[in-house]
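Spelled out, the chains give:
Protein chains: 2
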Amino acid sequence: MNAVQKSLASTPERISAAQRPPLPDEAASTAAPPGPSIDTWLLTRLRSFLGDPPVEFAVFGQALVGPADVPAVARVTFANRRTLMSILADPPLRFGDAYSDGSVAIDGDLVSLLETIYHSGAAGKSDSFLRRATGALRRPHRNTLSGSRDNIHHHYDIGNEFYSLWLGNTMAYTCAYYPTPAAGLDEAQVAKMDHVCRKLRLKSGESVVEAGCGWGVLALHMARHYGVRVRAFNISREQVAYARERAAREGLGGQVEYVLDDYRNISGHYDAFVSIGMLEHVGVANYAELGNVVQRTLNGRGRGLVHSIGRNQPAPLQPWIERRIFPGAYPPSLGEMMGIFEPWNLSVLDVENLRLHYAQTLRDWLARYEAASERVRVMFDEKFVRMWRLYLAGSVAAFTTGTLQLFQVLFAPGESNDVPLTRAHLYAP
Amino acid sequence: MNAVQKSLASTPERISAAQRPPLPDEAASTAAPPGPSIDTWLLTRLRSFLGDPPVEFAVFGQALVGPADVPAVARVTFANRRTLMSILADPPLRFGDAYSDGSVAIDGDLVSLLETIYHSGAAGKSDSFLRRATGALRRPHRNTLSGSRDNIHHHYDIGNEFYSLWLGNTMAYTCAYYPTPAAGLDEAQVAKMDHVCRKLRLKSGESVVEAGCGWGVLALHMARHYGVRVRAFNISREQVAYARERAAREGLGGQVEYVLDDYRNISGHYDAFVSIGMLEHVGVANYAELGNVVQRTLNGRGRGLVHSIGRNQPAPLQPWIERRIFPGAYPPSLGEMMGIFEPWNLSVLDVENLRLHYAQTLRDWLARYEAASERVRVMFDEKFVRMWRLYLAGSVAAFTTGTLQLFQVLFAPGESNDVPLTRAHLYAP
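Residue numbers (the numbering used here), protein chains in the order written: chain A, 1 to 429; chain B, 1 to 429.
This list has only true hints and no planted wrong ones.
Here are the computed distance ranges between Cβ atoms for each label pair:
#	chain 1	residue 1	chain 2	residue 2	range
1	A	A288	B	L165	40 to 48 Å
2	A	D150	B	T144	47 to 55 Å
3	B	R301	A	V70	18 to 26 Å
4	A	A89	B	A424	43 to 51 Å
Hints are computed from structural coordinates only; laboratory data are not their basis.
Built from N, CA and C at the ideal position, the CB exists for glycine as well.
Sequences are here, hints too, so could you generate the full structure?
The structure is reproduced here in structure tokens:
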């Protein structure tokens, strides 16, 4: 805890503007509203902008506003008025920066706070204003071939050791599948891989192409347990190096090939196409091209599955996440996802929304991350620790509140009748 | 069999243009191409337009073209050149009319013939031309409040007795669900209703609103087996009269209310919204309004399910079907269906494509229809018998070839976390 955080951790008095002398700035300002202090007025504006959630907001040592009649879920304290003013100019982007650099402190559970704010914003009338003010006008980082490389490098190449601290044994960095609420993270990641393989109805001897393979665990799982050959594409150098080393160590180098290249350069024909957690980085403008890759890869037969974070309605990614965590990322609505399939004769067979599974996955990651936070601080610094904590906690909240969805879309070439009659085989013991 | 059909049933000789003297028309025409006769040339053009399917086409007593190197699936014989010319001017519309009035005869299995033509067209380059030439410029009958009444009356009010000849005991006129390929029609219709009720997770004492209830069987099934109250809307007078009488006879009048009104006039709040096979008649322009009805009906909680014929890609309904069978109907792509949900905060939980189930349902209907065709002829006339045979056989072919899809979309208000973790409960014994 640094000095600012220590000072913020102490609880400010609840100050009524009427009970205290004006602050220097307030006295000097001719624009000061009568009655409450500037700080109180600004905090009230902020709280109103957020839909008046049951949350206390404070400027350290100066002012505090909160719900009148219900208990507050948490308290957000700004180090000073400058911090508050900076955030008010662009809350969705600057709140995250201020939290990261320690000029905002949270008393209470971070996930609960963010869930409350998401709920309040979704229910309130400020939604379209929020969107207009903060998201729609920002242009995400472009996903050209070189743009994608830069964007992916930014997030995925910050160190395999860092990710290994909290992703669990599988190193799967995508939504797990919890057959029961009591399942653990590793069990749920393995269950996710089996769920995907069952949906794809993989048979021994078949060939699979994977677009965006992370640290390579799905390809290994498919090869080991389903007897298929896999070519797995990824543009993250660190991930591909890790995956190749792992495949060799596990004796699966003959069945699995990791290719350091863009999905747009996939060639050849395969029995199955799979992409888990890459679509978020593709960009809507490139969906038809992705569909074309799928179409020519499957060549009128076989099966495919795309697994992606999504939305109920088209909207840009939370801007702080897009700027600081995932440049170029965009979670599409299901309608937008159809831009992959509908330009081609690809037939959607099954869509499953696994939103609550991603909330649980992120809770499991967050718990491991917190347990390893001292090591993360040594690897990076306190700002990094706080930045990633906010990202993980905010992601939990986004999935529990329905701000984000997780869509698994199974499909086949439209002319193929090699489709199962029912989905009962997915749930057979 | 009328006189024309009797004459068509005799097999014409395979005539090579080089082996026979010119026909009168041919000799008189200055536009006659050298070599093959006009009839042969026209038949060749038609076959090419259809993507050169392995089908023989003949003008009775005059000419015959067909595949050179593979056996023909069936033979299509036009009574005379006038019939052929008329069809060539607008094949997708006029072929159906000519088949209905008996001036086209089919030797071979009608379903196999139509599947072959669908396959050939989908694979061939003529697809976009076909679509441009026949569909896209036609404006379907509009689904205003009064337009919908007229459109629905046209199809559904032609006599409950007629439909009872071939729909089976349930009188369900929508895609069934075959738990196994050996299931019969009635069993599969009951399984479909249970599949829908399980997806909706109906609990005793809950309330359900149904938009477009056909002859009312789903509402009765829900009331009897799941203990819910149902208000079911329908604008077909004959269907509502039938449903009310049936509910009273089965002692369920207290739990089920049939309302002769448009879905747009649904009021009140319910635990579940269900619509099976109505969306085809709604029209894309009204999807957002349907979503608004759903949104205000569920009021932030509960579950909903929409079941509809669909497409892999946006395209107009086959024009003969739209003109003669289903005025105002349009099967949407999944992307178009999202126009119901995405304007509102409705979250898609599960999409299942039951295309092959509809093919089987239609095969079962067609078999019963053929068995009852003498009675249909007495009720209507031979033209009607042939028209409905073509419609049912063509629909089988549309689903087996992937020209049409069947989407069941389960959804919930976006802010509700009352969603199941997995779909295993759908497949529990």
